[in-house]
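Okay, here's what each chain looks like letter by letter:
Protein chains: 2
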Amino acid sequence: MSTGDPRADRRIRRRTASDNVANQAARSEPYRRLVIPFEPMRIFSDDQVETMHRAALRILEEIGVRVLLPEARQRYKAAGASVDEASRMVRIDRGLVEQALRTAPPAFDLVAPAPHRSQHIAQKHLSVIPVGGPPHVTDIERGKRSGTLEDFRNFAKLSQQYDVIHFLGACIEPQDIPPEFRHLETMLAMLTLGDKAPFIYGRGGPQVRDCFEMVRINAGLSESQFKAQPHSYTVINTNSPLQLDIPMSQGIIDFAAAGQLSIITPFTLAGAMAPITLPGALTQAHAEALAGITLAQIVRAGAPVSYGGFTSNVDMKSGAPAFGTPEYVKAAFGAGQLARHINLPWRSSNVNASNIADAQAAYESEMSLWGAIMGGCNILIHGAGWLEGGLAASYEKFILDVEMLQMFAELFRPVPFSEDEIGVEAIVEAGPGGHFFGTAHTMARYEKAFYTPLVSDWRNFGAWTEDGAKTATERANGLWKKVLKEFVAPAKDPAVTEALESFVARRRSEGGAPPVS
Amino acid sequence: MSTGDPRADRRIRRRTASDNVANQAARSEPYRRLVIPFEPMRIFSDDQVETMHRAALRILEEIGVRVLLPEARQRYKAAGASVDEASRMVRIDRGLVEQALRTAPPAFDLVAPAPHRSQHIAQKHLSVIPVGGPPHVTDIERGKRSGTLEDFRNFAKLSQQYDVIHFLGACIEPQDIPPEFRHLETMLAMLTLGDKAPFIYGRGGPQVRDCFEMVRINAGLSESQFKAQPHSYTVINTNSPLQLDIPMSQGIIDFAAAGQLSIITPFTLAGAMAPITLPGALTQAHAEALAGITLAQIVRAGAPVSYGGFTSNVDMKSGAPAFGTPEYVKAAFGAGQLARHINLPWRSSNVNASNIADAQAAYESEMSLWGAIMGGCNILIHGAGWLEGGLAASYEKFILDVEMLQMFAELFRPVPFSEDEIGVEAIVEAGPGGHFFGTAHTMARYEKAFYTPLVSDWRNFGAWTEDGAKTATERANGLWKKVLKEFVAPAKDPAVTEALESFVARRRSEGGAPPVS
Numbered sequence: 001m002s003t004g005d006p007r008a009d010r011r012i013r014r015r016t017a018s019d020n021v022a023n024q025a026a027r028s029e030p031y032r033r034l035v036i037p038f039e040p041m042r043i044f045s046d047d048q049v050e051t052m053h054r055a056a057l058r059i060l061e062e063i064g065v066r067v068l069l070p071e072a073r074q075r076y077k078a079a080g081a082s083v084d085e086a087s088r089m090v091r092i093d094r095g096l097v098e099q100a101l102r103t104a105p106p107a108f109d110l111v112a113p114a115p116h117r118s119q120h121i122a123q124k125h126l127s128v129i130p131v132g133g134p135p136h137v138t139d140i141e142r143g144k145r146s147g148t149l150e151d152f153r154n155f156a157k158l159s160q161q162y163d164v165i166h167f168l169g170a171c172i173e174p175q176d177i178p179p180e181f182r183h184l185e186t187m188l189a190m191l192t193l194g195d196k197a198p199f200i201y202g203r204g205g206p207q208v209r210d211c212f213e214m215v216r217i218n219a220g221l222s223e224s225q226f227k228a229q230p231h232s233y234t235v236i237n238t239n240s241p242l243q244l245d246i247p248m249s250q251g252i253i254d255f256a257a258a259g260q261l262s263i264i265t266p267f268t269l270a271g272a273m274a275p276i277t278l279p280g281a282l283t284q285a286h287a288e289a290l291a292g293i294t295l296a297q298i299v300r301a302g303a304p305v306s307y308g309g310f311t312s313n314v315d316m317k318s319g320a321p322a323f324g325t326p327e328y329v330k331a332a333f334g335a336g337q338l339a340r341h342i343n344l345p346w347r348s349s350n351v352n353a354s355n356i357a358d359a360q361a362a363y364e365s366e367m368s369l370w371g372a373i374m375g376g377c378n379i380l381i382h383g384a385g386w387l388e389g390g391l392a393a394s395y396e397k398f399i400l401d402v403e404m405l406q407m408f409a410e411l412f413r414p415v416p417f418s419e420d421e422i423g424v425e426a427i428v429e430a431g432p433g434g435h436f437f438g439t440a441h442t443m444a445r446y447e448k449a450f451y452t453p454l455v456s457d458w459r460n461f462g463a464w465t466e467d468g469a470k471t472a473t474e475r476a477n478g479l480w481k482k483v484l485k486e487f488v489a490p491a492k493d494p495a496v497t498e499a500l501e502s503f504v505a506r507r508r509s510e511g512g513a514p515p516v517s
Numbered sequence: 001m002s003t004g005d006p007r008a009d010r011r012i013r014r015r016t017a018s019d020n021v022a023n024q025a026a027r028s029e030p031y032r033r034l035v036i037p038f039e040p041m042r043i044f045s046d047d048q049v050e051t052m053h054r055a056a057l058r059i060l061e062e063i064g065v066r067v068l069l070p071e072a073r074q075r076y077k078a079a080g081a082s083v084d085e086a087s088r089m090v091r092i093d094r095g096l097v098e099q100a101l102r103t104a105p106p107a108f109d110l111v112a113p114a115p116h117r118s119q120h121i122a123q124k125h126l127s128v129i130p131v132g133g134p135p136h137v138t139d140i141e142r143g144k145r146s147g148t149l150e151d152f153r154n155f156a157k158l159s160q161q162y163d164v165i166h167f168l169g170a171c172i173e174p175q176d177i178p179p180e181f182r183h184l185e186t187m188l189a190m191l192t193l194g195d196k197a198p199f200i201y202g203r204g205g206p207q208v209r210d211c212f213e214m215v216r217i218n219a220g221l222s223e224s225q226f227k228a229q230p231h232s233y234t235v236i237n238t239n240s241p242l243q244l245d246i247p248m249s250q251g252i253i254d255f256a257a258a259g260q261l262s263i264i265t266p267f268t269l270a271g272a273m274a275p276i277t278l279p280g281a282l283t284q285a286h287a288e289a290l291a292g293i294t295l296a297q298i299v300r301a302g303a304p305v306s307y308g309g310f311t312s313n314v315d316m317k318s319g320a321p322a323f324g325t326p327e328y329v330k331a332a333f334g335a336g337q338l339a340r341h342i343n344l345p346w347r348s349s350n351v352n353a354s355n356i357a358d359a360q361a362a363y364e365s366e367m368s369l370w371g372a373i374m375g376g377c378n379i380l381i382h383g384a385g386w387l388e389g390g391l392a393a394s395y396e397k398f399i400l401d402v403e404m405l406q407m408f409a410e411l412f413r414p415v416p417f418s419e420d421e422i423g424v425e426a427i428v429e430a431g432p433g434g435h436f437f438g439t440a441h442t443m444a445r446y447e448k449a450f451y452t453p454l455v456s457d458w459r460n461f462g463a464w465t466e467d468g469a470k471t472a473t474e475r476a477n478g479l480w481k482k483v484l485k486e487f488v489a490p491a492k493d494p495a496v497t498e499a500l501e502s503f504v505a506r507r508r509s510e511g512g513a514p515p516v517s
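Chains as they are written, first to last, in full-length UniProt numbering: chain E, 1 to 517; chain Z, 1 to 517.
You may find that some hints are simply not true.
It does not matter which identical chain is meant; a pair holds if it fits inside one copy or across any two.
As the list claims (entries may be wrong) - With a cut-off of at most 30 Å between alpha-carbon atoms, the simulated BS3-like pairs for lysine-lysine come out as follows:
1) LYS124 <-> LYS485
2) LYS144 <-> LYS470
3) LYS227 <-> LYS482
4) LYS470 <-> LYS482
5) LYS77 <-> LYS485
6) LYS77 <-> LYS124
7) LYS470 <-> LYS317
8) LYS481 <-> LYS470
9) LYS317 <-> LYS448
10) LYS481 <-> LYS492
11) LYS448 <-> LYS481
12) LYS124 <-> LYS482
13) LYS317 <-> LYS144
14) LYS485 <-> LYS227
15) LYS317 <-> LYS481
16) LYS482 <-> LYS317
17) LYS77 <-> LYS317
18) LYS485 <-> LYS144
19) LYS470 <-> LYS124
20) LYS492 <-> LYS157
21) LYS485 <-> LYS317
22) LYS157 <-> LYS482
23) LYS470 <-> LYS492
24) LYS227 <-> LYS470
FYI, nobody ran anything at the bench for these hints, they're computed from the structure.
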């Protein structure tokens, strides 16, 4: 590029040669605190939202929820719910739900090991969590395979690396680690590789207690300090329709008792485990979320919870789940409305059903991202790396997702506005048919004017072809490998690392903690 | 899939075996009339919009626009603008602009050869146009090459095939046809292969007159009938900054005089041919659009025009244009606000800067699509097939774009809402932990419940792998070839086809009409 102005040319050349990493760092700061500046989309009228809310209350009163954990049924019963021990059905009257909604906090901070990584969870604020849960990992060189601890550590590093990812996450299941040790090794990886708030699976009390203990050791907190604020989070999936299993019920109880965050998310596929209609699927999900939220508030009034929305549809020909569909976007908008109706932070997701990190993966992800963000999402799960309907975590998709997320983060930044910003004098300076590269207005702003992409390639066809004609997915492959190669974990007191390692060694020697099911 | 209910299983099997094409046809009807149900996004306050509007008026009054066509300068002058013949600068006072905005219609119909293809152009309504303008075409088998008339005909067929594409378009430049005959051959292709409203390039009076004549012959219209309503459209790109060249000025005059639609679109890349700031680039584009709109209304008060918005940014390191960026989305939201401020239909675009129909092409397209649609777009140009910053039209991208567009069309459909839709009885019927495949509520709705995708593959990894592990782009390759192979043009009176062909033969024998530049 030549500006026609030798001085400007020099500046631009200097910038071309400048340290791209430093430049990125200068712009990455805002990604740590995302505030959505747009009014959330609505697909339902206020009356319709109220109708769904009332229908959900009626479902809880008249049908109820099957709760498999005896302790949970006892707690519901003690709070005034009607419990039938034979059928394990818990019927919850609306007064109890309304009481829970009065004590559930609409806003709170999730405290991270590094203070600048703590996140405010509240309306308009957005926090992003990486992929969680797949048993498999995939990349374009090695293909699909079982997840390992090395993969988990790699995804933890990638999650730590990018500021637009705000918590650490479940990422993948390390299947080379026996289930009774898995929570120990994954927590050790999160706490030693990163300084963002960690995820804990609700797989029974013993595992959860181990993980809480490690979080306390890591942050040097007393038990009461730990319980005073959320320092970790879990995701509670109801077994739709209308069922709460043992580990999930236990998780709600354990997290509420410890003041830690439960993201209570019915996973309702319309036409499969929920009514085929959007109002039906959302109403059922709402009822299930209210049941979980109520249990949390029964255990501890004021326990931090998030209202999870995860409603999509299935292919009615094959029964295959679909994600990022038009119906998914509508469900996201509707779930966001229901969350705001009960004034709780709303969790949504970045999802797709593609088997490979291709154009389908990208457009389905974009649909779910826009659905979440225009719906007013506060916690975005599966923010980066989710593929194949959640059956695989993809290294390349992780990078592509970070790019998409960063583009949203930039979209959220306010547009400076003033007469000087309009710059009529620059238009005069350029003149009809002229150019703006060298105008003073441009020179004062060009360094930080625009988003610098991570993986998008804007070079012309010739330059792109000479460089190997790589697809975005192939370029993403190079990027994640570079990040992993150059990764440096945040500095940490060696004594803390040692304490965490010796805790893990002790608990392993004691047999760990098998997951509860 | 088994529902556990033999009767339901039979029904589902029958549907699985049923005619997929018929099923798609049943759902495609709504794509012909798109109404955006969402409130448009705003990134500027009303005051800021008014400030940009006033700054644009000041630019037109104080700097003016360089107009290269003498006839256009004369028309501006006769209407009261201040014209300097030496510099060819036309200064337009705000009274003249405001008069033009009073006569420019906020809504009108673009009449198509087939009445059911006519489109209402107005706020909330959305019409989609295919890619327009690339000199090259590309597909994943043959790669990038110069466009030919056969390619133009292929893109016309693809544009005709899908209901979510509402007009025919410029598609690609058929470089195997001499420029003086190109308008004749492309118009003949559009009018014989399709029944949607055609595009005409503003490349000088002689070409435009030929094309108008062919549209009249095709529809059997007298000259006064033709002029009474728009039956064709053009796109006017100003030469930013602040310049209107000869063919563009002539195009505005010719289209306005004939009552045909001009989509007046400054193409402003912030930092290159417009100020680097969003308010600056939009203000300059607004001034340029107002200059063109004013000329159209001077020529004929009430001439149909659309306010075109095409503001993006460049990579400040290389000068390369970028599309579908965060800045692009903000510019789209802002341009939509400016269009509504002057109460004119707003044109936006579906664009990307990728060199191949990959994940980048998809996510950049999605960003520009959401920018357009959430910004309240009324005419979407480059709706399908645009690649490589507009330098190539891609067969595969066309199909991927149709999929994305159809997903939006489905998103726009209202959600039925009633107590019956919620279906508490279905939730009772399924029971806790049960399933909904076989419920009466599902069976009554499953056939048309959800969008059936064109190219998205939701099968599991095993089935997908056995079928060749194709990417979405590879599947799109199979789809466009199938459409072209099976394409049947709408039925047409052979006498009309003969009349069009003999018009083209005569004009070719007369030497055609070289483009004016």
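Hint check results:
1. LYS124 <-> LYS485: neither (36 Å within a copy, 50 Å between copies)
2. LYS144 <-> LYS470: This pair counts as both: shortest intra-copy Cα distance 21 Å, inter-copy 15 Å.
3. LYS227 <-> LYS482: Neither, since 39 Å and 62 Å both go past 30 Å.
4. LYS470 <-> LYS482: both (16 Å within a copy, 27 Å between copies)
5. LYS77 <-> LYS485: Neither: 54 Å inside a chain and 67 Å across chains, both beyond 30 Å.
6. LYS77 <-> LYS124: Neither: 36 Å inside a copy, 52 Å across copies.
7. LYS470 <-> LYS317: between (36 Å within a copy, 21 Å between copies)
8. LYS481 <-> LYS470: Both ways: LYS481 and LYS470 sit 16 Å apart in one copy and 25 Å across, limit 30 Å.
9. LYS317 <-> LYS448: between (50 Å within a copy, 11 Å between copies)
10. LYS481 <-> LYS492: within (24 Å within a copy, 58 Å between copies)
11. LYS448 <-> LYS481: within (27 Å within a copy, 45 Å between copies)
12. LYS124 <-> LYS482: neither (34 Å within a copy, 46 Å between copies)
13. LYS317 <-> LYS144: within (26 Å within a copy, 38 Å between copies)
14. LYS485 <-> LYS227: neither (37 Å within a copy, 67 Å between copies)
15. LYS317 <-> LYS481: between (39 Å within a copy, 25 Å between copies)
16. LYS482 <-> LYS317: between (42 Å within a copy, 22 Å between copies)
17. LYS77 <-> LYS317: neither (42 Å within a copy, 66 Å between copies)
18. LYS485 <-> LYS144: within (21 Å within a copy, 36 Å between copies)
19. LYS470 <-> LYS124: neither (37 Å within a copy, 39 Å between copies)
20. LYS492 <-> LYS157: Answer is within; shortest intra-copy Cα gap is 15 Å, inter-copy 63 Å.
21. LYS485 <-> LYS317: between (45 Å within a copy, 27 Å between copies)
22. LYS157 <-> LYS482: Only inside one copy: LYS157 and LYS482 sit 12 Å apart there, 45 Å across copies, limit 30 Å.
23. LYS470 <-> LYS492: neither (38 Å within a copy, 45 Å between copies)
24. LYS227 <-> LYS470: neither (50 Å within a copy, 50 Å between copies)
Consistency with the previously given hints fails for numbers 1, 3, 5, 6, 12, 14, 17, 19, 23 and 24, ordered from lowest to highest.
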